[in-house]
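Put chain B on the given structure of chain A with help from the hints.
As a plain string of letters, each chain reads:
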Amino acid sequence: MAITRDDVRHTAALARLALSPEEESAFLLELNKILGYVEKIRELDLAGIEPMTHGHAGTGSLRDDAALDGLSQEEALRGAPETDEGHFVVPQVVRPEE
Amino acid sequence: MNLCGMSAHALRDGIAARRFSAEDVVRAFLDRIAAHDGRVHAFLEVHDTEAIAEARRLDEEIARGSEPGPLAGIPIAVKDNICVRGRGTSCASRILSGYAPPYDATVIEKLRAAGAVVLGKTNMDEFAMGSSTENSGFGATRNPWSLEHVPGGSSGGSAAAVALGLAPVALGSDTGGSVRQPGAFCGVAAMKPTYGTVSRRGLIAFASSLDQIGPLGRDVQDCLNLYNVLCGPDPRDATSAPGGHEVPEGALLQGVRGLRVGVPWDWLGEGLHADVEAALGRSVEALRQAGALVGEVSLLDPSYAIAAYYIIATAEASANLARYDGVRYGASARGAEDPAGLYTGTRSEGFGAEVRRRIVLGTYVLSAGYYDAYYLRAQKARRLIRDDFERAFAMADVLLLPTAPTPAFRIGEKTGDPLAMYLSDIFTVPLNLYAGCGINVPAGLSADELPIGMQLLAPRFGEAALFRAAQCLESRLGTLGLAPEPAET
Numbered sequence: 413m414a415i416t417r418d419d420v421r422h423t424a425a426l427a428r429l430a431l432s433p434e435e436e437s438a439f440l441l442e443l444n445k446i447l448g449y450v451e452k453i454r455e456l457d458l459a460g461i462e463p464m465t466h467g468h469a470g471t472g473s474l475r476d477d478a479a480l481d482g483l484s485q486e487e488a489l490r491g492a493p494e495t496d497e498g499h500f501v502v503p504q505v506v507r508p509e510e
Numbered sequence: 002m003n004l005c006g007m008s009a010h011a012l013r014d015g016i017a018a019r020r021f022s023a024e025d026v027v028r029a030f031l032d033r034i035a036a037h038d039g040r041v042h043a044f045l046e047v048h049d050t051e052a053i054a055e056a057r058r059l060d061e062e063i064a065r066g067s068e069p070g071p072l073a074g075i076p077i078a079v080k081d082n083i084c085v086r087g088r089g090t091s092c093a094s095r096i097l098s099g100y101a102p103p104y105d106a107t108v109i110e111k112l113r114a115a116g117a118v119v120l121g122k123t124n125m126d127e128f129a130m131g132s133s134t135e136n137s138g139f140g141a142t143r144n145p146w147s148l149e150h151v152p153g154g155s156s157g158g159s160a161a162a163v164a165l166g167l168a169p170v171a172l173g174s175d176t177g178g179s180v181r182q183p184g185a186f187c188g189v190a191a192m193k194p195t196y197g198t199v200s201r202r203g204l205i206a207f208a209s210s211l212d213q214i215g216p217l218g219r220d221v222q223d224c225l226n227l228y229n230v231l232c233g234p235d236p237r238d239a240t241s242a243p244g245g246h247e248v249p250e251g252a253l254l255q256g257v258r259g260l261r262v263g264v265p266w267d268w269l270g271e272g273l274h275a276d277v278e279a280a281l282g283r284s285v286e287a288l289r290q291a292g293a294l295v296g297e298v299s300l301l302d303p304s305y306a307i308a309a310y311y312i313i314a315t316a317e318a319s320a321n322l323a324r325y326d327g328v329r330y331g332a333s334a335r336g337a338e339d340p341a342g343l344y345t346g347t348r349s350e351g352f353g354a355e356v357r358r359r360i361v362l363g364t365y366v367l368s369a370g371y372y373d374a375y376y377l378r379a380q381k382a383r384r385l386i387r388d389d390f391e392r393a394f395a396m397a398d399v400l401l402l403p404t405a406p407t408p409a410f411r412i413g414e415k416t417g418d419p420l421a422m423y424l425s426d427i428f429t430v431p432l433n434l435y436a437g438c439g440i441n442v443p444a445g446l447s448a449d450e451l452p453i454g455m456q457l458l459a460p461r462f463g464e465a466a467l468f469r470a471a472q473c474l475e476s477r478l479g480t481l482g483l484a485p486e487p488a489e490t
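In order, the protein sequences belong to chains A and B. Sequential numbering from 413 applies to the first sequence in this note's numbering. Sequential numbering from 2 applies to the second sequence in this note's numbering.
Pulled out of the complex, with its shape left as it was, chain A reads as follows:
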């Protein structure tokens, strides 16, 4: 199952990554080599085996549902590239119809 140049471009777009044409070519080659290798797992007989979805043995441990102090608004915003009146600033999402 080889990955095509269109697959690389489409997948990169899904992941919000822009690749240059040179990078597309390099990724196409490298990803095909890696995917060719991982095809190995097809050799294993996996019939009737439940997928292992996490690293711990049980269901994970949940703490009591009690309110704890978190970060203040000021602390939470301190690392933001741009803020305005206590909010994160993003480009305009909804535009008026022209």
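Because the hints were derived from the structure by calculation, they are not lab data. There may be inaccurate statements among the hints.
[To be verified] Looking from chain B toward chain A, a few residues come up when the C-beta cut is under 10 Å (computed):
#  : residue
1  : Ser22
2  : Arg95
3  : Gly99
4  : Thr240
5  : Glu338
6  : Tyr344
7  : Thr345
8  : Gly346
9  : Ser368
10 : Gln380
11 : Leu420
[Stated by the list, open to error] If you want a taste of the chain B side facing chain A, the calculated C-beta under 8 Å gives, among others:
#  : residue
12 : Ala242
13 : Tyr305
14 : Val328
15 : Ala337
16 : Leu343
17 : Val361
18 : Leu362
19 : Leu377
20 : Arg378
21 : Ala379
22 : Phe410
23 : Arg411
24 : Lys415
Ideal placement from N, C-alpha and C gives every residue a C-beta, glycine not left out.
Chain B alone, transformed into the frame defined by chain A:
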């Protein structure tokens, strides 16, 4: 007195007995970093002012007669993917350049409570994706034993710092061998605890079902002492395991008489460096002489683990790294027309090539039409691998094998071939899928004077047997001491 050549436990005893002060110790390491780090580039940031202030505070407490903590005055180097409040934490990525977390990771809280002093942040492969520390966004780290060789990775900065005596101990993180393999390449003891024993809160996520923080030190005792401080349940990490998992220090004195050691000889065929093979032979002999019962175990071909790992780890990474969008922290491509432009601009400029490659691969294996063929199949293979380990551990208390098939490779040797780089982790990756514990113990030098590492693996929560066997191996093979001071080239 050469403080920088001493183990952390010897330093701690000296501070507690007031033979020297915590400030003496911290200043000695800061001076050594200033003198030598320029050539290996183990550190991304050195916290000299805070470290000296903290050491003085500890000295005052000790002078007042309060009981010093188990790591009182011990300087520690911290991998740059572990949050230290108010200081740069970038995962060696340009996308987090200048980011300063508003909180300490749980492991940092625990270290501080035990009296340890954070010296600075160490270099790594960007977001821990790599096996050589060449993928750093801020320049590669070099192996202190030979500047033309890689220190291993992704915790290469932490391993190089301990090997060169720039810090007595360090923290790393191990997703597919990223603590153990650089430990082997740099000749230091380096441990990956059982998944869930050490809190991951404040460890910036790469692959959440595999990531685990682990200690590096000059000897096994230092790894044990650090592990005992780090482990324990954390209500703020839902993957942390309930119950106590500390290993009594007495475990190191127990010896290995009657301990069953299994060697997966099937794994050790072609591609194994002759000096590594000889070191394995010496290790088998050492354990036998100490009374261990060494036999053969058979395990599933590790290339299946590599295949499953590069599906599961990249899938998890593609989801975890979706958070870097230029809105809440880190680099940001301001001035974009719309949100999609902001995300794409930020991520394309901020992530390095290997991180982008793995995000694309991870997105691909999770995408419609390929999920069952890749991701689901890999998760099933993972259970098969786990069951296989459990069968092996029914017959052996610990497993013994080399940490890597070869000593450190040359800088640039594998950067053009991602798959060759991935295969350098073939002996370490299977353990992360299984979620058990393992440790690298130095096993002498190759003919080229590069460190060789032996690996011991133990079942989930089998740390006591792991440390017993590691201590035995170390006492018979000897530690390497500090790497020679790198000469100007």
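Checked hints:
1. Ser22: violated, 34 Å
2. Arg95: violated, 14 Å
3. Gly99: holds, 9 Å
4. Thr240: holds, 5 Å
5. Glu338: The hint holds - Glu338(B) has a Cβ within 10 Å of chain A, the shortest such distance being about 6 Å.
6. Tyr344: Given a least distance of 4 Å, the restraint on Tyr344(B) holds.
7. Thr345: With a minimum Cβ separation of about 5 Å from chain A (threshold 10 Å), the hint on Thr345(B) holds.
8. Gly346: holds, 8 Å
9. Ser368: Status holds, d = 6 Å.
10. Gln380: holds, 3 Å
11. Leu420: Check passed: Cβ of Leu420(B) comes within 5 Å of chain A, closer than 10 Å.
12. Ala242: Hint holds; Ala242(B) Cβ to chain A Cβ min 6 Å, cut 8 Å.
13. Tyr305: holds, 6 Å
14. Val328: holds, 5 Å
15. Ala337: holds, 5 Å
16. Leu343: holds, 5 Å
17. Val361: Where the cut-off is 8 Å and the nearest Cβ of chain A is about 5 Å from Val361(B), the hint holds.
18. Leu362: The hint holds - Leu362(B) has a Cβ within 8 Å of chain A, the shortest such distance being about 6 Å.
19. Leu377: holds, 6 Å
20. Arg378: Hint on Arg378(B): holds, closest Cβ of chain A at ~5 Å, below 8 Å.
21. Ala379: This interface hint holds because 6 Å falls under the 8 Å limit.
22. Phe410: violated, 19 Å
23. Arg411: violated, 21 Å
24. Lys415: violated, 13 Å
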